[in-house]
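> For reference, the chains in residue letters:
Protein chains: 2
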Amino acid sequence: MVIADDAVEVRAQGWRTLAALHGRLEEALEKALQAGFDLSVVEYTVLDTLARQDGWHMRMQQVARAAALSHSATTRLVTRLENRGLLNRTLCADDRRGIYSSLTDHGKELLERARPVHAATLKKALDEASESPELTPLVEALLGTLPRP
Amino acid sequence: MVIADDAVEVRAQGWRTLAALHGRLEEALEKALQAGFDLSVVEYTVLDTLARQDGWHMRMQQVARAAALSHSATTRLVTRLENRGLLNRTLCADDRRGIYSSLTDHGKELLERARPVHAATLKKALDEASESPELTPLVEALLGTLPRP
DNA sequence: GCAACATTTGCACACGCTTCCTATCACTGC
DNA sequence: GCAGTGATAGGAAGCGTGTGCAAATGTTGC
Numbered sequence: 001m002v003i004a005d006d007a008v009e010v011r012a013q014g015w016r017t018l019a020a021l022h023g024r025l026e027e028a029l030e031k032a033l034q035a036g037f038d039l040s041v042v043e044y045t046v047l048d049t050l051a052r053q054d055g056w057h058m059r060m061q062q063v064a065r066a067a068a069l070s071h072s073a074t075t076r077l078v079t080r081l082e083n084r085g086l087l088n089r090t091l092c093a094d095d096r097r098g099i100y101s102s103l104t105d106h107g108k109e110l111l112e113r114a115r116p117v118h119a120a121t122l123k124k125a126l127d128e129a130s131e132s133p134e135l136t137p138l139v140e141a142l143l144g145t146l147p148r149p
Numbered sequence: 001m002v003i004a005d006d007a008v009e010v011r012a013q014g015w016r017t018l019a020a021l022h023g024r025l026e027e028a029l030e031k032a033l034q035a036g037f038d039l040s041v042v043e044y045t046v047l048d049t050l051a052r053q054d055g056w057h058m059r060m061q062q063v064a065r066a067a068a069l070s071h072s073a074t075t076r077l078v079t080r081l082e083n084r085g086l087l088n089r090t091l092c093a094d095d096r097r098g099i100y101s102s103l104t105d106h107g108k109e110l111l112e113r114a115r116p117v118h119a120a121t122l123k124k125a126l127d128e129a130s131e132s133p134e135l136t137p138l139v140e141a142l143l144g145t146l147p148r149p
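Residue numbers (full-length UniProt numbering), protein chains in the order written: chain L, 1 to 149; chain Z, 1 to 149.
Watch out, some of these pointers could steer you wrong.
Claimed, not checked - The calculated DSBU-like cross-link candidates involving lysine-lysine, where the alpha carbons are at most 35 Å apart (straight line), are: (1) K124/L <-> K108/Z; (2) K31/Z <-> K31/L; (3) K123/Z <-> K124/L; (4) K123/L <-> K31/Z.
Think of the hints as simulated: they come from the structure by calculation, not from any bench.
Using the sequences and the hints given, assemble the complete structure.
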């Protein structure tokens, strides 16, 4: 079973590498966004996803999936952002159980200011991660495995 | 600046892909380990790292770095695992400020039982992730960027 | 009316931060 | 030798926040 054991080990090692890289990037983004805009990574992700969603609304469940959050966490997150005036809740006309979230102008403006910081931090963190031998191949693969090479 | 903008977008997209894959894998592992062994992913990681550390002890700070945890969180995590009899705290002989954590037999036994579940869950989650078109290339890269292909 | 669904709320817990505390090195000067 | 000083490793407790789970609440469709 040498071959099978190797595959197991490859996956385990891959997972550790993935977790390590993810941890590094998230930490860097967290600090930068927190310091500059009082936004957590998840909050930024939600704002960005909303803006990217052809500028339109999303239901809570979509938000939850996009941010990989539980329903309750999503509720509280949206509430937080709503209280800061970054997005709006609006009832669906057709299904009044559903609630649409959409960015306010203030939210769009904050996002536009945060985006370059996000981009710069990401670049820096990726470059730094790329210097660790065990992360180099994954970083390169990550940047090379996209639609337009 | 079309080229530069493209690079920014590639990195942002790469980060989203990485986060999505990481989230999927972590969620699957979390559920499986929680259900089967009452272990969180971080707890499993610490046990696994300890076992992997040539079967020997680690200082608290090493544990903290390996698990990407803060100082206080590490103390609590190790305390939890110690209370469950999965690991021991032992004073270093040479530097008695330091504290070594090492697996107990019970901890090793639990880890040995959890390992195949971890491996199987990881394989299943990776296979499932690989079916999502946007994740396929990253999964393949992850499994292909390791010492022995 | 009733089951399925979308969302919210109450509860418990883990994490991070900060502050304070102890024990232990590693030096220094006497 | 041996106190005195500063740096380091780790623990304890309090506070705030985010999260998941499970139980409400309001809605829809049959």
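> Next step is simple, just say for each hint if it's right about the structure.
Hint check results:
1. K124/L <-> K108/Z: violated (39 Å)
2. K31/Z <-> K31/L: holds (29 Å)
3. K123/Z <-> K124/L: holds (32 Å)
4. K123/L <-> K31/Z: Judged against 35 Å, a Cα distance of about 33 Å means the pair holds.
The earlier numbered hint that this structure contradicts is number 1, and it is the only one.
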